[in-house]
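> As a plain string of letters, each chain reads:
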Amino acid sequence: MPWVHTIISIRYNPDALDCEERNISKPENILIIGAGSAMARALARRYAARGHRLVLTGRDATALARDCQDLLVRGAALAHPLQLDVNDSDPVLNECMKAAENRLGYIDAAIICHGTLPDQPTIAHDPAQVADAIRTNGLSCIRLLCLLAPRLRARRSGSLAVITSVAGLRGRASNYVYGSAKALVSTYLQGLRAELHPHGVHVMDIRPGFVDTPMTRRFRKGILWSTPEQVARLIDRGMERRSDTIYAPGFWRPIMWVIRMIPESLFKRSNL
Amino acid sequence: MNEIIRQPCSGWGRYPVIEARCHDPEDVASLRACLRQVDVGDCIPRGKGRSYGDSALAGDLISSRWLDTLLELDEDRGMLRCGAGTTLDTLMTLLIPRGWILPVVPGTARVSVGGAVASDIHGKNHHLDGCFSDHVESIRLMSGDGDILACSPTERAEVFHATCGGMGLTGVIVDVSLRLKRVPGPMIRQQCLRAGNLAETLSLLAVHNDSPYSVAWLDCMAGGRAAGRSLVLLGEHFQAPPVAAPGASRLSVPFPTPAALLNQYTMKAFNALYYRIAGRHTARIQHGQRYFFPLDGIQNWNRLYGRKGFLQYQFVVPDASAEQTIEEVLHRTRRIGIGSFLTVLKRTGPANHNPLSFPLSGYTLALDFRYDPELLPVLDTLDDIVAEAGGRVYLAKDARLSREHFRRMYPHWESFVETRCALGAHHYFNSLQSRRLGL
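Those protein sequence lines, which keep their order, are chains P and B. Numbering (my numbering) for the first sequence: 1 to 272. Numbering (my numbering) for the second sequence: 1001 to 1439.
Treat the hints with caution; some may be incorrect.
Said to hold, decoys possible - Distance windows between CB atoms, simulated: (1) Ser1361(B) / Ala77(P): 45 to 51 Å; (2) Ile1285(B) / Lys221(P): 38 to 44 Å; (3) Asp1145(B) / Lys98(P): 54 to 60 Å; (4) Asp88(P) / Leu1071(B): 39 to 45 Å.
Said to hold, decoys possible - Just a few of them, taken from the derived set where beta-carbon distance is under 10 Å, the chain P residues facing chain B: (5) Gly36; (6) Arg41; (7) Ala61; (8) Thr62; (9) Asp67; (10) Leu72; (11) Gly75; (12) Gly191; (13) Arg193; (14) Glu195; (15) Phe219.
FYI, nobody ran anything at the bench for these hints, they're computed from the structure. Just so it is clear, CB atoms sit at the ideal spot from N, CA and C, and this is done for glycine as well.
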């Protein structure tokens, strides 16, 4: 019925959510790892507007300092930079977590946002580069969680959240190295969630779809793409509701359900 | 593989559409690197893409989207320094609860500060407070060869004035220092007056010249004795119990309206209904962000004009010839039978020192038209009428003005070109518009 489409349709916009501009009286202490990522920046700005206390880690000290200044202007009660390369040795990571905890007093929420998007065809058959991609996107998150989990468990409260990806739900020819690193983290988070649940710690797996960030600047954008601000709003809401797994935006949940249902014998022939 | 691919790009009017590469540097260093990658001479800075026509279109676009950090806020003196990509939305949300606002805002908050400077935008208070650039303390500009130039009305004044209203043709604006305005609270008291014809509309706007904010919505389809009837909307800051700021809009136009729906009958019906319904609220008190940014109430409203996009025709004419010129323009657009949802008339104050700044003392009228190739010659004749009356067309809205008309309308264009050449910017930055206008 094409005439139906001729009605100027004004539809409900699912991106506009209600949790904006809540005034939370008690500032929370939030650690953001990989704060240079576009989603992390958008999220940190939301927290800053509510007057939370933030510690940010990242590789680029200049960018971190600039972001911290930005967050203070936006209203953060604290915005402290800590330079960190997540692939550094365990003692370095441990020192950094300690420093963050000292700054914040204690950690209400830790959100791990760092990641790289390797170009699959370029790295495909180079073991060193593949290992590198898996180390950065997978192993480093797990090492950080190992250090953070006991700290939150000891206080019997707080949230741990990691940005993984819908790419971790099915291995695709076009980016299975990245996908398998993310799958590693997702599976780890499931176990960690079950372990920490009795101790009152919330563990959240954030699975964004295509997000228009500097990491994805070489891709052609289309209707499935969302902005870092939209994803940040959903992360915020997920933290509030203590969700286990969120898809950002939510339409990725049914899409990925269908994609996971496709039998492997068909999937291997498809170009999905 | 790190090559950026070409994607379809357009201004807010969705006409014209070209294939362009969009670069998005994250800081000054990557901006500098970016300038070395682009096609020299076919590159233009771009903010949020809210200029309507082709002023931010070229083969290579340098987006300021990640240059959006807030650098400094002095709440005592009312000064703010921020990256060029910061949106006015961000700033208003930040400032209003702190008792400040931006002194000049347009009808949408979804523009960047860099874009606001480059188009030297005006708002509902132009008759009293002037343009956006009149409240800019200083800017930092990156020239084509990667140097950072600090400019202000006292330092490199030529460059400053050329950059304000300069449509991005002097370099890439990196950050901007702004003076803010104190307000008693977030609320605005709006008054709505009905005017039965054009003469009445103009005289109401003139009589209420001391009202801090004023604008008129015009029924462009009404003919005969009711031609130019309007709702004159006045506003002032008002101390009232504040309500929550409006959140992101829930309404969105999901796809372009089919052309069949946009004809003189629907336009006539819409305009007549709006005149009746909106005119009922004679006075109301509302949140500033709702009052200032009515266009943000519906997301993607630019799709309302259909698949081919639309042209906005905004011009300003001096007081003396205002009534006659506006009447003539309304008459001619009625005759071609395709009107606009939103026709806005506003009183403007004196011009400033920027060679390409749009406003001058008089009245400005803005009309939207669904794109149609047959429209172009009609708009050319309107250009003649406007130029004859000593008026001009707004470059931020333009996608088709001819070089000859432009030169008649902007008599200081040569001084702009001189400054641009002295900077060497003509080797680096050119848009579809600048080529068409011979800038």
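> Does each hint fit the structure? Answer for all of them.
Outcome of the hint check:
Hint check: Ser1361(B) to Ala77(P), Cβ distance near 48 Å, so the stated range 45 to 51 Å holds. With their beta carbons about 41 Å apart, Ile1285(B) and Lys221(P) fall inside the hinted range of 38 to 44 Å. Our hint of 54 to 60 Å for Asp1145(B) and Lys98(P) is violated, since their Cβ atoms are close to 46 Å apart. Taken as a hint, the range 39 to 45 Å is violated for the pair Asp88(P) and Leu1071(B), whose Cβ atoms sit roughly 30 Å apart.
With 10 Å as the threshold, the beta carbon of Gly36(P) comes within range of chain B, its nearest partner Cβ sitting at about 9 Å, so the hint holds. With 10 Å as the threshold, the beta carbon of Arg41(P) comes within range of chain B, its nearest partner Cβ sitting at about 9 Å, so the hint holds. Hint on Ala61(P) is violated. Least Cβ distance to chain B is approximately 12 Å, over the 10 Å limit. For Thr62(P), the shortest C-beta to C-beta distance to chain B is roughly 8 Å, which falls under 10 Å, so the interface hint holds.
Because the smallest distance between the Cβ of Asp67(P) and any Cβ of chain B comes to about 7 Å, under 10 Å, the interface hint for this residue holds. At about 9 Å, the closest approach between the beta carbon of Leu72(P) and any beta carbon in chain B falls short of 10 Å, and the interface hint on this residue holds. Nearest Cβ of chain B to the Cβ of Gly75(P): about 8 Å, under the 10 Å cut. The hint holds. Residue-level restraint check for Gly191(P) is violated (minimum Cβ-Cβ distance to chain B is 35 Å; threshold 10 Å).
Against a cut-off of 10 Å between C-beta atoms, the interface hint on Arg193(P) is violated, since the closest Cβ of chain B lies about 31 Å away. The criterion of a C-beta within 10 Å of any C-beta in chain B is not met by Glu195(P), whose closest approach is roughly 37 Å, and the hint is violated. The closest approach between the C-beta of Phe219(P) and any C-beta of chain B is roughly 8 Å, which is under the 10 Å cut-off, so the hint is satisfied.
In the structure shown, a violation is registered for the earlier hints numbered 3, 4, 7, 12, 13 and 14, in ascending order.
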